[in-house]
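Novice: The chain contents come next:
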Amino acid sequence: VFGLIRQYYSNELPTHDPEEHVSLQDLSDDPPAAADVVPLRFGDVSGIPSHPENPFYPFLNKSSFLLGDWYWNQGLQKTRKGFRSLLNIIGDPQFRAEDIQNTKWSKIDAKLKNIDIDNGDEIADERGAVDGNEIEEDWEWMDEDVGWRKTQVSISVPFSKRHTKTPGPQRFVVGDFYHRPFVSVIREKLSKAEDDQQFHYDPFELFWRAPGATNDMRVHGELYTSPAFLDVHRELQESAGEPGCNLPRVVVAMMFWSDATHLTSFGSAKLWPNYLYFGNESKYRRCKPTCHLCNHVAYFQVVRYLPCLLTGGSSSLLITCYSFRMHFKILLQSICVANAPVPNLLRTVDVNYYTHNGR
Amino acid sequence: MLDDDFLEAYQHGIVFKCCDEITRRFYPRILTYSADYKEK
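Those sequence lines, one after another, are chains A and B.
Take the first sequence: its letters are residues -3 to 355, numbered as in my numbering.
Take the second sequence: its letters are residues 2 to 41, numbered as in my numbering.
Just chain A, with the same shape it has in the complex:
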């Protein structure tokens, strides 16, 4: 299209052409034709684990589910409309009063509270809220592969003579750091058929020849047409590889972003998420929120209270940076062992952090 030429570095033609499937619809924000929109049905909500034997889980039956839904989703005030919908529920011929007689509402509410919408886990450390004899059942919810993990972040803080009798560095626990294992995010990505189809396994160089020109011109735009991706790809293909393995080797390009996010229009509730995008996917799809290509992999902790303990104007900034660095260290610890240039990477993170704040 548009006279663009792709050049791959391989002895064979690529087995998979993601761009074969791209339609104009995929790249634009125009609403799809009404017929293409599949309405979301109950049970379709991704991430919430399905209980085939009981679609109303954690409610035991439909009657309980409808009442629970009425209680939580009808708004805070009593309204005529709400009253009518309550009458509709209990007036329905399928409603069975005996179904709700033994419903343990507070237990169900506790379960609802502990469901992590994003990945269907019940949050591990709040399992105590659930009755002891149900723990076994709850373990089915704990899919270890997709779950969030919790790690304590601690930093070393220098205390001066003025503040303590024993000056010097002391460990300070910043807080709990929630993060997702990368491997599970990658597996989840590759197993989604609709994403995998447009996932670029092979990087390529993109060229364009202007009308009348004799030379091709390199076109830059996507990560999978960038020299960096091509270099890593080439390096991987030239490396020794796994003994006895002839499988095609593919680079999964992980791109991280982070910025503080306000959660509400009023008030100061904030989160500091760490996003992961895959550079194997087109930027035109990544920037479309409806494609759901952004992955939350971690939530950073912000240091509070601590700066007041310290003297000197730059200390608080240093502490924040250091804490930030510790977070990244936890995230990247594994790669560190794999001989990747982590020290450089961490330095970049620090420098960006300074620039970002304009200080």
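These aren't lab readings, by the way, just hints derived from the structure by calculation.
Wrong hints could be hidden among the right ones.
To be verified - Straight-line distance between alpha carbons at most 25 Å, and here's what the computed DSS-like set of lysine-lysine pairs gives:
id: 1; chain 1: A; residue 1: 77; chain 2: A; residue 2: 107
id: 2; chain 1: B; residue 1: 39; chain 2: A; residue 2: 185
id: 3; chain 1: B; residue 1: 18; chain 2: A; residue 2: 188
id: 4; chain 1: B; residue 1: 39; chain 2: A; residue 2: 279
id: 5; chain 1: A; residue 1: 157; chain 2: A; residue 2: 185
id: 6; chain 1: A; residue 1: 109; chain 2: A; residue 2: 266
id: 7; chain 1: A; residue 1: 109; chain 2: A; residue 2: 58
id: 8; chain 1: A; residue 1: 161; chain 2: A; residue 2: 109
id: 9; chain 1: A; residue 1: 100; chain 2: A; residue 2: 188
id: 10; chain 1: A; residue 1: 107; chain 2: A; residue 2: 146
id: 11; chain 1: B; residue 1: 39; chain 2: A; residue 2: 266
id: 12; chain 1: A; residue 1: 100; chain 2: A; residue 2: 58
Take the given structure of chain A and dock chain B to it, following the hints.
Specialist: Relative to chain A, chain B alone:
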């Protein structure tokens, strides 16, 4: 987070059967665009 799984994947790849029925070995690498607007 001492994530042995990721370390293993970084060095030896993750074998995964893709949706086109071809099994490939995937190696995670960290690559990124680096750009930012100055806020102040």
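Novice: Now tell me, hint by hint, if it's right for this structure.
Specialist: Against the structure, the hints:
1. Of the pairs offered as hints, the one joining residue 77 of chain A and residue 107 of chain A is violated, with about 28 Å between alpha carbons and a cut-off of 25 Å exceeded.
2. Pair hint residue 39 of chain B plus residue 185 of chain A does not hold up; C-alpha atoms about 32 Å apart against a cutoff of 25 Å.
3. Distance restraint check for residue 18 of chain B and residue 188 of chain A: the Cα-Cα separation of roughly 12 Å lies within the 25 Å cut-off, and the hinted pair is therefore satisfied.
4. Proximity of residue 39 of chain B to residue 279 of chain A is assessed by CA-CA distance (about 22 Å); at most 25 Å being required, the pair is judged to hold.
5. For the suggested pair residue 157 of chain A and residue 185 of chain A, the alpha carbons sit about 52 Å apart, so the restraint of at most 25 Å is broken.
6. Distance restraint check for residue 109 of chain A and residue 266 of chain A: the Cα-Cα separation of roughly 20 Å lies within the 25 Å cut-off, and the hinted pair is therefore satisfied.
7. For a cut-off of 25 Å, the pair hint linking residue 109 of chain A to residue 58 of chain A stands: about 19 Å separates their Cα positions.
8. Annotation: proposed proximity of residue 161 of chain A to residue 109 of chain A is violated, straight-line Cα distance about 45 Å (limit 25 Å).
9. This hinted pair does not check out: residue 100 of chain A and residue 188 of chain A have alpha carbons roughly 37 Å apart, beyond 25 Å.
10. Between residue 107 of chain A and residue 146 of chain A, the direct Cα distance comes to roughly 20 Å. Compliance with the 25 Å bound is thereby established for this hinted pair.
11. Of the supplied pair hints, the one linking residue 39 of chain B and residue 266 of chain A holds, its CA atoms being roughly 21 Å apart against a limit of 25 Å.
12. Distance check on the hinted pair: residue 100 of chain A and residue 58 of chain A sit about 14 Å apart at the alpha-carbon level, within 25 Å; holds.
The structure fails to meet hints 1, 2, 5, 8, 9 from the earlier list, while all remaining hints are met.
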